[in-house]
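Residue numbers (my numbering): 1 to 93.
Calculated directly from the structure, the hints in this document are not laboratory data.
Some hints here could point you the wrong way.
Said to hold, decoys possible - Pairs of lysine-lysine residues, derived as DSS-like cross-links and limited to a Cα-Cα distance of at most 25 Å, are as follows:
(1) Lys24 / Lys13
(2) Lys87 / Lys5
(3) Lys41 / Lys22
(4) Lys7 / Lys22
(5) Lys6 / Lys41
(6) Lys87 / Lys13
(7) Lys87 / Lys7
(8) Lys87 / Lys22
(9) Lys24 / Lys5
(10) Lys87 / Lys14
Said to hold, decoys possible - Quick list of the computed label-pair ranges, beta carbon to beta carbon:
(11) Gly42 / Lys14: 25 to 31 Å
(12) Pro37 / Leu4: 28 to 34 Å
(13) Pro77 / Leu32: 40 to 46 Å
(14) Ile73 / Gly35: 30 to 36 Å
(15) Lys6 / Asp44: 35 to 41 Å
(16) Asp44 / Lys7: 32 to 38 Å
(17) Glu60 / Phe39: 18 to 24 Å
We put the CB at the ideal spot given by N, CA and C, even for glycine.
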Amino acid sequence: KKILKKKPVYSMKKGQIVRVEKEKYLNSINYLSVGHPPFYKGLDYIYEDRGEVLDIRIFEETGEYALIAWVGIPTPPAWLPTYMLIKVWSNYH
């Protein structure tokens, strides 16, 4: 008997433009694990409307994450939990 896996339902799609909610990020393990000094300004671009969702996945233990690339910023994409992302607009219609 073949067991059909349910296709996951994601909270956003590839191409979605997002920004990071500052308060949620600064209080997250994602920020604390990097070890930036207090009032570090080098990440301010993530709070602007420049993030584009490249991929999205649901991990069994940690939940839904999106791979975000920042337009015009020479930095590698990063996986962030979707609960701290704010949808701005989308490239798909």
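Violating hint indices (sorted, rising): Hints 2, 4, 5, 9, 12, 13, 14 and 17 are the ones this structure does not satisfy, whereas the remaining hints hold.
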